[in-house]
Amino acid sequence: MSLRIGVDTGGTFTDVVAFDDVTQHVHVRKVSSTPDDPGRAILRGVSEILDQIGGRNISEVNYFAHGTTVGTNTLLTGNGVLTGLITTEGFRDLLELGRGRRPDMYDARADKPAPFVARRHRFEVAERLRSTGEVERELDEGEVREAARQLKSAGVEAVAVCLLYSYVDPKHERRIADIIREEHPEAYVSLSSEVLPEFREYERLSTVVTNAYVGPVVYRYLAALREKLAAEGLTAVPHITQSNGGVIPFATAEAMPVRLVLSGPSTGVVGAAQICSAAGFDDIITFDMGGTSSDISLVQGGRPKVTSGMELDGRPIRSPMLDIHTVGAGGGSLGWIDTGGHLRVGPESAGAFPGPACYGNGERAAVTDANVVLQMLNPEYLLNGQMKIDREKSVDAVRRLADPLGLSVEETALGILRVVTANMARALRVVSVQKGYDPRDYALVPFGGAGPLHASRLARELGMSRVVVPEIPGAQSAMGLLMTDVKADFMRTRITSLTHETASQVANVFAELSAEAAAWFAEEDVAEEGRRLVRRLDLRYAGQNFELPVEMPEELGEDGMEVIAQAFHAEHERVYGYSSPEARLEAVTFRVEAQGSAPRVELRHSELGGEDPSGAAIGTRETCFDPKEGFRSITVYDRSKLMPGNVVQGPAVVEQMDTTTILLPGDRCVVDSLRNLVITIGEEA
Numbered sequence: 001m002s003l004r005i006g007v008d009t010g011g012t013f014t015d016v017v018a019f020d021d022v023t024q025h026v027h028v029r030k031v032s033s034t035p036d037d038p039g040r041a042i043l044r045g046v047s048e049i050l051d052q053i054g055g056r057n058i059s060e061v062n063y064f065a066h067g068t069t070v071g072t073n074t075l076l077t078g079n080g081v082l083t084g085l086i087t088t089e090g091f092r093d094l095l096e097l098g099r100g101r102r103p104d105m106y107d108a109r110a111d112k113p114a115p116f117v118a119r120r121h122r123f124e125v126a127e128r129l130r131s132t133g134e135v136e137r138e139l140d141e142g143e144v145r146e147a148a149r150q151l152k153s154a155g156v157e158a159v160a161v162c163l164l165y166s167y168v169d170p171k172h173e174r175r176i177a178d179i180i181r182e183e184h185p186e187a188y189v190s191l192s193s194e195v196l197p198e199f200r201e202y203e204r205l206s207t208v209v210t211n212a213y214v215g216p217v218v219y220r221y222l223a224a225l226r227e228k229l230a231a232e233g234l235t236a237v238p239h240i241t242q243s244n245g246g247v248i249p250f251a252t253a254e255a256m257p258v259r260l261v262l263s264g265p266s267t268g269v270v271g272a273a274q275i276c277s278a279a280g281f282d283d284i285i286t287f288d289m290g291g292t293s294s295d296i297s298l299v300q301g302g303r304p305k306v307t308s309g310m311e312l313d314g315r316p317i318r319s320p321m322l323d324i325h326t327v328g329a330g331g332g333s334l335g336w337i338d339t340g341g342h343l344r345v346g347p348e349s350a351g352a353f354p355g356p357a358c359y360g361n362g363e364r365a366a367v368t369d370a371n372v373v374l375q376m377l378n379p380e381y382l383l384n385g386q387m388k389i390d391r392e393k394s395v396d397a398v399r400r401l402a403d404p405l406g407l408s409v410e411e412t413a414l415g416i417l418r419v420v421t422a423n424m425a426r427a428l429r430v431v432s433v434q435k436g437y438d439p440r441d442y443a444l445v446p447f448g449g450a451g452p453l454h455a456s457r458l459a460r461e462l463g464m465s466r467v468v469v470p471e472i473p474g475a476q477s478a479m480g481l482l483m484t485d486v487k488a489d490f491m492r493t494r495i496t497s498l499t500h501e502t503a504s505q506v507a508n509v510f511a512e513l514s515a516e517a518a519a520w521f522a523e524e525d526v527a528e529e530g531r532r533l534v535r536r537l538d539l540r541y542a543g544q545n546f547e548l549p550v551e552m553p554e555e556l557g558e559d560g561m562e563v564i565a566q567a568f569h570a571e572h573e574r575v576y577g578y579s580s581p582e583a584r585l586e587a588v589t590f591r592v593e594a595q596g597s598a599p600r601v602e603l604r605h606s607e608l609g610g611e612d613p614s615g616a617a618i619g620t621r622e623t624c625f626d627p628k629e630g631f632r633s634i635t636v637y638d639r640s641k642l643m644p645g646n647v648v649q650g651p652a653v654v655e656q657m658d659t660t661t662i663l664l665p666g667d668r669c670v671v672d673s674l675r676n677l678v679i680t681i682g683e684e685a
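My numbering applies: residue 1 is where the sequence shown begins, and numbers increase by one.
Rather than coming from a laboratory, the hints here were simulated on the basis of the structure. Just so you know, even glycine gets a beta-carbon here, dropped at the ideal spot from N, CA and C.
Calculated cross-link-like contacts (lysine-lysine; reagent style BS3-like; alpha-carbon spacing at most 27 Å): (1) Lys171 to Lys152; (2) Lys641 to Lys388; (3) Lys393 to Lys628.
Here are the computed distance ranges between Cβ atoms for each label pair: (4) Asp626 to Gly463: 19 to 29 Å; (5) Gly100 to Ser2: 54 to 64 Å; (6) Gly302 to Ser2: 25 to 35 Å; (7) Arg400 to Gly54: 39 to 49 Å; (8) Gln434 to Arg119: 31 to 41 Å; (9) Ala527 to Arg574: 36 to 46 Å; (10) Val647 to Gln505: 55 to 65 Å.
Please build the complete structure, drawing on both the sequences and the hints.
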């Protein structure tokens with residue numbers, strides 16, 4: 001067995017990457033996604049790439065990893081299962097009360113998102129723990145049995161359990177789970193003490209309910225895919241990406257589907273961070289633009305930024321994840337005219353079907369159509385000829401917007417690109433400027449099928465001077481699946497003053513979490529030499545309501561508390577513009593990230609050759625960068641023929657199977673030793 005396969009399912013395409021351990025060659029395949037059953041596209045893509053390699057068999061695959069949007073799409077479309085809730089007496093309505101904030105401060109009519117659990121399916125039970133873990137009131141097991149029976153008779157498929165202070169002592173929640181399994185054994189049971197053993201009742205409740213709501217959907221999807229792959233002959237244990245950028249076996253993920261919310265885009269960030277660090281770019285901003293949306297993340301010092309949660313469609317989800325911001329701007333984003341007569345783009349998308357007008361099924365103009373009209377994209381086909389396109393249909397679709405606006409087709413197409421660029425720039429500022437980072441200090445790393453097509457415009461919009469395009473950008477997330485580790489997160493809330501006297505308490509909590517991580521390593525059969533722990537501590541000044549994470553030193557020496565405190569003061573200064581060294585510090589949530597080495601693609605450097613790229617030139621194309629100047633002839637290069645050391649001067653087009661890279665006038669591109677396109681952004685517009 002000598003093949004490793006990574007499969008990333010997107011809204012428009014499913015990307016498959018295979019790495020041959022023997023030949024050290026990487027093979028790429030893209031197939032149209034099948035939203036009604038993503039597994040169909042996966043099986044087709046795997047079959048096609050095995051044929052593409054040379055009639056290989058799936059039994060030769062020794063590693064299989066998958067990134068999916070099944071959980072995310074279930075949440076966004078509201079297609080989860082009928083869910084019930086059992087909680088502490090007095091907390092039945094917390095799911096609706098939340099934090100008491102309106103969704104939009106300036107819109108009195110804005111509605112809160114509907115809870116995933118209807119009120120009639122929420123049950124209170126008598127029990128109470130104090131914040132110390134001491135039992136104030138014993139659990140009334142009779143009430144639990146009655147609640148379980150009523151939930152079963154109502155047809156509830158999943159039950160979330162969230163009790164006050166269960167993160168301190170989970171024994172009441174565990175007993176409730178036992179009773180539910182006795183009374184309703186078919187139910188999918190989700191405990192807050194297992195999903196999120198942290199304080200803040202509302203966020204913990206929202207997260208465990210979300211986990212229960214999507215649990216059976218994700219479970220059935222992964223179980224069915226696992227069975228289908230096994231039936232095809234796969235003997236390797238299939239893995240899936242988590243939001244934290246690591247992978248875990250399908251069977252492990254089925255119990256914690258809430259940790260798969262960012263399964264799709266996370267590994268692209270991890271892979272880009274490794275590639276760019278090897279190329280000498282430790283500080284980057286990744287820009288993953290697909291057919292439906294764009295995902296943006298910041299990497300500093302070669303390590304992706306991590307956050308403890310996010311809000312999806314107005315509902316908080318607390319789970320360790322990469323700090324990725326998503327905006328509805330992709331190649332399939334549709335152009336439209338608002339009531340004020342202004343051109344808008346997205347978030348509505350043409351999706352895989354009908355797709356942009358040039359695909360032949362739709363009539364509305366998408367971002368892809370604008371690129372086809374201007375001939376930034378090949379006007380005849382995509383994917384090296386696998387997908388034929390019709391430029392005339394793109395022209396007709398853009399004209400339907402141009403006529404009401406009183407503009408030419410070319411002006412409207414360029415307007416679509418400018419609007420979608422502005423949308424993406426706003427999203428990029430969320431992960432950079434709004435968090436105290438200057439994007440001009442970072443290199444922009446575009447991937448996804450449409451990222452390199454728009455990267456130069458986006459870099460100009462933000463004043464960034466460098467763009468780094470990986471070798472396989474269109475399938476970077478699938479490639480990243482072959483460059484990531486197995487990973488799990490362990491956390492515990494223990495509010496503790498940070499002083500010399502509490503140093504042993506801090507060390508003890510981390511020791512407990514490290515023991516849990518060690519047990520997980522053993523369960524996953526991770527070798528001792530492949531294990532790594534990253535410890536973080538959420539800190540705040542006493543009296544504050546929000547925390548900042550600080551990475552812990554490997555050993556807590558005599559000055560350990562001072563080192564941690566200084567790191568927190570510096571981080572507080574960076575984020576908020578001030579620090580209070582004299583104030584008392586509180587440790588709130590302790591976190592341990594366990595990383596285990598997995599088989600991965602090794603990066604290989606090549607010797608640099610001459611600068612002349614003419615050997616890769618495959619023709620010219622009439623392309624429009626400015627409607628006032630009209631179309632101009634520019635050189636088109638085949639990326640597979642560009643060699644390390646080659647220099648390409650913009651304007652130019654660099655084509656490859658999975659994407660197209662546009663160099664605007666003034667840009668200068670150098671192919672580095674890892675075959676990345678390193679673009680220096682010119683001053684011309």
